[in-house]
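Line order of the protein sequences matches chains U and W.
Counted the way my numbering counts, the first sequence spans residues 256 to 641.
Counted the way my numbering counts, the second sequence spans residues 256 to 641.
A hint or two may mislead.
One copy or any two copies: either way a pair holds, since identical chains are not told apart in the list.
Within a straight-line C-alpha distance of at most 27 Å, the following computed DSS-like cross-link-like pairs (lysine-lysine) qualify [said to hold, decoys possible]:
(1) Lys482 to Lys587
(2) Lys305 to Lys569
(3) Lys458 to Lys271
(4) Lys634 to Lys482
(5) Lys458 to Lys487
No wet-lab data here; the hints were simulated from the structure.
As the structure is a prediction and not an experimental result, all values here were calculated from the model.
There are 2 protein chains.
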Amino acid sequence: MNNFRFHAYTDIYFGKGQIINLPDILKQFGKRVLLVYGGGSIKKNGIYDKIYELLQDFEITELSGVEPNPRITTVRKGVELCKEKQIDVVLPVGGGSTIDCSKVIAGGAYYEGDPWDLVLDPKKIKKVLPIVTILTLAATGSEMNKNAVISNMDTNEKFGTSSHDFIPQASILDPEYLYTLPAIQTAAGTADIMSHVFENYFKTMTSAFIPDRFAEGILEACIKYCKVALEKPDDYEARANLMWASSMALNGLVGAGNGAAWTCHPIEHELSAYYDVTHGVGLAILTPRWMRYILSEDTVDRFVMYAENVWHLKPQEDKFLMANQAIDLTEKFFKECGIPMTLTEIGIDDSKFDIMAEKAVRYGGLERAYVPLDVQDVKEILRMCL
Amino acid sequence: MNNFRFHAYTDIYFGKGQIINLPDILKQFGKRVLLVYGGGSIKKNGIYDKIYELLQDFEITELSGVEPNPRITTVRKGVELCKEKQIDVVLPVGGGSTIDCSKVIAGGAYYEGDPWDLVLDPKKIKKVLPIVTILTLAATGSEMNKNAVISNMDTNEKFGTSSHDFIPQASILDPEYLYTLPAIQTAAGTADIMSHVFENYFKTMTSAFIPDRFAEGILEACIKYCKVALEKPDDYEARANLMWASSMALNGLVGAGNGAAWTCHPIEHELSAYYDVTHGVGLAILTPRWMRYILSEDTVDRFVMYAENVWHLKPQEDKFLMANQAIDLTEKFFKECGIPMTLTEIGIDDSKFDIMAEKAVRYGGLERAYVPLDVQDVKEILRMCL
């Protein structure tokens, strides 16, 4: 294992009705709360009203309309509100987009320049307002980590940024909040969770035994419970395991002791930056093609491990056969969850492959990935997705 | 899954040479450090000198001689030092005993009465000095959790206490510090880690899928790497995985969503209270007997899962056969690691079984265990250990 720091300090309140703790959590930080949310689903499912009922002693300022790929324009509005209203704590209620947007708002509140600077250069993040999240989508893991991804549609840029102080102080994870999700969001969110695991699981370093086993456990949970949740949206145990999978996949546990750069995420960021696709859908499309592309004598043993420990395939002599079976099962799984599995189906053709591949390599650090990729490699993977 | 709170906020610095971060970690809390350690092994392996070299700008007060089952008498000495020297931060360097002792010292520093009160009644712990640990034994998980166990040899009492504020602020985990451990401590420490997992893994609640998979991964790591470390004490990867197993087994991950009381630990506490045995040795002796005693139609499915997922036994029709094979493998494993596997071998006869069983039930909450046990049950398990 490589050296690592693990500091997932978020105070997690997991389970039914945990929102009851919200006033006690928030009052540690102050009275003036910036409530951040997206398109208004929290008004339909009752969370919005519940928050106002619980926070009668607080001053709430609202920022609504956060986009599925959150825009820097929305961040700027939030930063202005923080400064104008002297906000003490930022309260995103939603999925990763709402939480990511809130993180950069919380950093922007203490920054004099344009918050886009904080996306381009994380070193400029010096101080951050406390963040408390209420999660309504199991996907990005943002509820328990330091990452945020923001889009700038003017420049077709979607970049990740991160700060140790972006880690939420507390997160409320109530699996019942997932009951009313559209099926595609359950499926795409699961694909996102699985991709976070894959990005860390496929690596040259073979001695991170415990992180590898944790990775496999999370993948098995996703495979088992996503289908249950799609068939029976109010299955508590399925939602609970998917929600916990989200936090566990990207809080540092699975990546502990691993130093390699990611692959599918930087490529997907270019798809989202140019076409505004659902992040998890882009990842699901890319993942099996990336796996096939990098499968070789050098990587086959990891794929065999994946085949045995996640898909429980019986050991076979032909390692490549096993590896390909596992990759086929991965693709079939996403398809059976209802995810469109080609770029063509979601309206993307090859016209921007050159620029997307070039930017994925330039910004994504793909030369440091498990299997390093250049522009031609990325274009080939994108072509496999048509 | 039951509702739970997960807040493992310790800042972990894992890997070779991480002690270099000690000054930066400590200076957040102040200059006056109480250095707590045991029998002096840290003087032999160079950690002691390294600490003085790094902490030239700090005022160090020492408390040495912490016992393997730490005594309340030592806690009292530490509390006096904290008050007299106005200590800012407590720095245990050692295994669970040293860390546990330091936790109650850190709580006692803000308490006016006798610190034994804090062991008998955790509610009396109101405020705690910050704790930073340097771990030299992979076993109790105390480096990342809220628990402490203290013995009172005057009254033959050994009790656990706990406080959210006992969770260390930071812990330095350098696997190289384990190279010089005596073999029995490597083995007994591993048995302790495995017991923490067993206490949470064997439960009626079957829906905590992710915690169950994490549990199995930690157990597999222990089984694989303990033998490697015993054969080759300076095998870095073996030590790294055992050290990480220690923290992961008891920081809340494996127990997430599980509400049952523990079984082997409260029984072992009575062995230690009367005979001062090594905690991990007592646990290793008790564990397979406890497993055999509670195996029944009601519990067999969990043991089959254990047999399949941890020992990788092939599915068989006879569930009890599989379960017993897994229990036999557990006992064989401890034996092969060099642990004396009967009470007789460590000089304990049945003369105190009555009082020990009675106290284990009275103080251990065994009526709320996975399989509830009464005094007769505990005595029978103890007899099986002779």
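Alpha-carbon proximity between Lys482 and Lys587, which holds within one copy, between copies, both or neither at 27 Å: Within one copy only: 12 Å inside a chain, 40 Å across chains, cut-off 27 Å.
Identical-chain pair category, Lys305 with Lys569, by Cα at 27 Å: Answer is neither: 50 Å inside a copy and 51 Å across each miss the 27 Å cutoff.
Alpha-carbon proximity context of Lys634 and Lys482, limit 27 Å: Neither: 32 Å inside a chain and 47 Å across chains, both beyond 27 Å.
Intra- versus inter-copy proximity for Lys271 and Lys458 (alpha-carbon distance at most 27 Å): between (37 Å within a copy, 21 Å between copies)
Homomeric proximity label, Lys458 with Lys487: Cα distance no greater than 27 Å: between (35 Å within a copy, 26 Å between copies)
Checked against the numbered hints given earlier, the structure breaks hints 2, 4 and satisfies all the rest.
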